[in-house]
Amino acid sequence: MTGFPSEAGLPPGITVDVFVAAFEASPTPMVVTDPRGGDNPIVWVNGAFLALTGYSRDELYGRNCRLLQGPLTDAAVLQTMRETLAAGQPFEGEVFNYRKDGTPFLNGMTINPVRDAAGKVLFFFSAQADMTDKYRLETAMRHANDALERQVGQRTADLQSALEQKTALLHEVDHRVKNNLQVISSLMLLKARRTPAGEAREALQSMADRIGALSTAHRMLYPEGDVTCFDFKEFTDDLIADLAAGLDGDRTRIETEIEALALSAAMAAPLALLIHELATNALRHAFPEERRGRIVVEAKRCEAGMRLVIEDDGVGLKAAPPNPAGFGHTLVEMVVRQLRGTLDWSDAGPGTRIVITIPLSAAGAS
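Counting with the UniProt record's numbering, you get residues 1 to 366 for the letters of the sequence shown.
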């Protein structure tokens, strides 16, 4: 072919025509241009290139490859290609070109300079590919992904809105429960004041205190909007602070040693009742006749779950044993059973020590 290098240096029996025949039979579109021809005209194409573009050799030879360009052809890519080839460097890229019938296609190409022995560029050889199907697939996947992201975003927003509505509803219900418990507690205290001193009055006051503890539990739930669990340390510290507010601090102290535990919100009311009942029981019976003393409420993780200890340095079980038939004792046992825990009363020498172990699954600790 005119303008191509001679056959010098080829293996015996291998001619330029053999290479041309091999390139002609290749399914990869190929084109050769001659930069020495002024406008870098096309001087050879194979059959695959003709099939890709729809042009004949007569329509292509002698013309620049720009006849394939059209409205979608990226000028920036063309500029990069010209600068790269002008520097004698290989180029690889993709650009939209057009077939003879005007149909656009994404043209992937690699262009390499062909040099003589002295290094002078004689031709540019380009192997090409139709990347249209790949482009369409990528575009379809991108659109599908965009649509999916929009759906996920909308679904997430809907779920967040529903969660916020349910959370607001739960807070409202909790607020109303707390207020109702406060009203009930106040009514019972009012009734207790109008009841003659004796067992009935004490029962009313004790019941009002227990209901007040439940009200306090609801007041301290969900301080940061988490409706599934609560901080047991903060919860217990606040509960004990409320209980200790009316004490003579010089005579009786209540202290807490609570490990940070996140417990299920469903456990708040039972635990509030349990701690309130045991602490108030110690206040009533452990320190008679102006006896000074201290009550410690301790909670820590243990192998079985959570270990809750209420201990005082009062007169002890021998002087003030728990009444198995009393409502308070029954209430404590009932709550411990509800928590699927164990309960142990013992003398602390001095004082009384109550140890309650609550399974981790029951406490919902984390």
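FYI, nobody ran anything at the bench for these hints, they're computed from the structure. One should not assume that every hint holds.
[Unchecked claim] Simulated DEER-style distance windows between Cβ atoms:
no.: 1; residue 1: 257; residue 2: 284; range: 21 to 29 Å
no.: 2; residue 1: 112; residue 2: 159; range: 29 to 37 Å
no.: 3; residue 1: 63; residue 2: 152; range: 14 to 22 Å
no.: 4; residue 1: 160; residue 2: 186; range: 33 to 41 Å
no.: 5; residue 1: 340; residue 2: 152; range: 36 to 44 Å
no.: 6; residue 1: 291; residue 2: 160; range: 25 to 33 Å
no.: 7; residue 1: 114; residue 2: 134; range: 21 to 29 Å
Glycine included, C-beta positions come from ideal geometry on N, C-alpha and C.
- Task: Please name the hints from earlier in the document that this structure breaks, with their numbers sorted from lowest to highest.
- Result: 2, 3, 6
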